[in-house]
Amino acid sequence: MDYALILEWTIKAVLLTVVLLTGFAYTTYYERKFLARIQVRIGPNRVGPFGLLQPVADAVKLLFKEELIPQKAYKFVFLLAPILIVVPALIILAVVPWGGTVTLFGREIALGVADVNVGALYILSVTSISVYGVVLAGWSSNNKYAMMGGLRSTAQVISYELALGLSFVGPVLLAGSLSMNEIVDAQQGLWFIVLQPLSALICYVSMVAEVNRDPFDMPEAEQELTAGYHVEYSGMKFALIFMGEYVKMAAVSAIFATLFLGGYRGPFVDQIPWLGPLYLGLKVFISLGVMIWLRATLPRFRYDRLMAFGWKILLPLALLNVFLTAIGIVVLGG
Amino acid sequence: MSFLTSIGNGVKALVVGMWTTLASTLEKPVTIQYPEVKETMRPRFKGRHVLKRYDNGMEKCIGCALCAAACPADAIFVEASENTDEARYSPGERYASTYEINMLRCIYCGYCEDACPTEAIVLGDNYELSFTDRSQAIYTREMLLEPVPADGDPTPQKVEPGVYTRSIPEMKDPD
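In order, the protein sequences belong to chains C and Y. Just so we're aligned, residue 1 is where the first sequence starts under our numbering, counting upward by one. Just so we're aligned, residue 1001 is where the second sequence starts under our numbering, counting upward by one.
Don't read these hints as lab results, they were simulated from the structure. All values reported here derive from a predicted model rather than from experimental measurement. Keep in mind that the hints are not guaranteed to be accurate.
[What the hints assert, rightly or not] Keeping only pairs whose Cα atoms sit at most 30 angstroms apart, straight-line, the calculated DSS-like set for lysine-lysine is: (1) Y:K1052 x Y:K1038; (2) C:K65 x C:K75; (3) Y:K1028 x Y:K1038; (4) C:K61 x C:K72; (5) Y:K1172 x Y:K1158; (6) Y:K1158 x Y:K1046; (7) C:K144 x C:K61; (8) C:K61 x Y:K1038; (9) C:K144 x C:K72; (10) Y:K1028 x Y:K1172; (11) C:K33 x Y:K1012; (12) Y:K1046 x C:K33; (13) C:K33 x Y:K1172; (14) C:K312 x Y:K1052; (15) Y:K1172 x Y:K1052.
[Stated by the list, open to error] One side only, chain Y facing chain C, incomplete, derived with CB under 7 angstroms: (16) T1021; (17) E1027; (18) T1031; (19) T1155.
Note that the Cβ used here is the ideal one computed from N, Cα and C, for glycine as well.
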């Protein structure tokens, strides 16, 4: 066994998880500050200089909160559901390539945890697992509002997964492979967002719906359903669910950047491979900014309109896009 | 064709909305850094009560308890005592020796201010009223009296006999 290889994988996986978890905390900070600026106010600015320690304060608060499990809740599933929400969110990013290859300690190390040759399919399947977490969280709370919230969220997510999957087909056809690394390599000349604008749009909209973010956040509409499926959760379990949502936001932004915005590609990335993660990070940052901007601007979709939008508009458009892309490739590619 | 124009209208509305919110990031935030910076209240703000004084330092309150009668929440308690010329608190016959307002009962309606015949009790602009115990919510006369004005004397004052003979004083500052 090549122990150095195992060590390399372990270190990369641990590093990715650690970066994601601290990044999640500062994503909440970014959201609060940016949302505040759009609403003509300043966000948190008391806790540290410029409020930079606010996520730390939030984490400490959630750790010290009383962990309440309702008496008639189905306890095992109640405890399992947050794990089922968080873990798929974290492992999606295993297939996203963060950079080219660097040479460290005499080894060629690829800046990406795993180069699965069916990367896009892996992403779609793992996002589907987190759906289980949501509906189990709602059901095991023994609370009819949580149950309704969980069901609504599940219905929404699986509807938009169809459009999402079909919108992935565009870049896959252009790159000729499902592997994320090869999709990034195929964007050397031109980013796929230029060649596939419709697919990019459908992908982004579906991703916002997948993550249950505004304007698609009816299942956790704070004003209406009082937090929906996670209403009975408190303390660390709530922190895990919250974390799952924000990590999924970052993960889908990274996937969108990889598929349509050229991933880690940018100026001089071939000479300096360490610029790769920096470019991808910048694209993720901008994509998160757009998600926050959407949240600040748009009102919530009504639930039946949300479902109609997913099934009657996005799905046919995605199919149309696949059709046109395939014809285009046959006619032009030869 | 109208289908396309309706799509176009929708997209235009979306873009205009998004542009508006992005442009609002450039506006100066309206946040005030309370408690380091405090905003001034409007002129008729109904905050904590203040028992006013005349310019020479005498209290305006004559202990008539009309405010206690007018209060819809029964928050005011007044006990009056006779003024003597050696120890004169107000220019009338009596003064309020015990004056207590229960801030937990008070609804800040201002009826006491409307009922007062001498304009003694007014609702001022202090809104920072917090206490840790129910008994601390009873505000006494000493807590409610405003400070002595610059050219006045503190009460009780020693005055000439025969100056303040009216039981209800004139409604202007005594000389």
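Against the structure, the hints:
Between the alpha carbons of K1052 of chain Y and K1038 of chain Y the distance comes to roughly 24 angstroms, so the proposed pair stays at or under 30 angstroms and holds. For the proposed pair K65 of chain C and K75 of chain C, the alpha carbon gap of about 19 angstroms is at most 30 angstroms, so the pair holds. Using a Cα cut-off of 30 angstroms, the hinted pair K1028 of chain Y and K1038 of chain Y holds, with the two alpha carbons roughly 18 angstroms apart. Simply put, K61 of chain C and K72 of chain C have alpha-carbon atoms about 26 angstroms apart, close enough for the 30 angstroms limit, and the pair holds.
Only pairs whose Cα atoms come within 30 angstroms are accepted, and K1172 of chain Y paired with K1158 of chain Y is accepted, the gap being roughly 20 angstroms. In summary, the hint linking K1158 of chain Y to K1046 of chain Y is not supported, as the alpha carbons are separated by about 34 angstroms, beyond the 30 angstroms threshold. A C-alpha spacing of about 28 angstroms is found between K144 of chain C and K61 of chain C, which places the hinted pair at or below 30 angstroms, so the restraint holds. Annotation: proposed proximity of K61 of chain C to K1038 of chain Y holds, straight-line Cα distance about 29 angstroms (limit 30 angstroms).
About 12 angstroms separates the Cα atoms of K144 of chain C and K72 of chain C, which keeps this hinted pair within 30 angstroms; it holds. A C-alpha spacing of about 47 angstroms is found between K1028 of chain Y and K1172 of chain Y, which places the hinted pair above 30 angstroms, so the restraint is violated. Between K33 of chain C and K1012 of chain Y, the direct Cα distance comes to roughly 27 angstroms. Compliance with the 30 angstroms bound is thereby established for this hinted pair. Between K1046 of chain Y and K33 of chain C, the direct Cα distance comes to roughly 34 angstroms. Violation of the 30 angstroms bound is thereby established for this hinted pair.
Annotation: proposed proximity of K33 of chain C to K1172 of chain Y is violated, straight-line Cα distance about 55 angstroms (limit 30 angstroms). Only pairs whose Cα atoms come within 30 angstroms are accepted, and K312 of chain C paired with K1052 of chain Y is rejected, the gap being roughly 71 angstroms. The straight-line distance between the Cα atoms of K1172 of chain Y and K1052 of chain Y is roughly 13 angstroms, inside the 30 angstroms bound, and the hint therefore holds. Proximity of T1021 of chain Y to chain C holds as hinted, the smallest CB-CB distance being about 4 angstroms (cut-off 7 angstroms).
Interface restraint check for E1027 of chain Y: the shortest CB-CB distance to chain C comes to about 5 angstroms, inside 7 angstroms, so the restraint holds. Checking T1031 of chain Y against chain C by beta carbon gives a least distance of about 5 angstroms; that is within 7 angstroms, so the hint holds. Taking 7 angstroms as the C-beta contact cut-off toward chain C, the hint placing T1155 of chain Y at the interface is violated, the least distance being around 44 angstroms.
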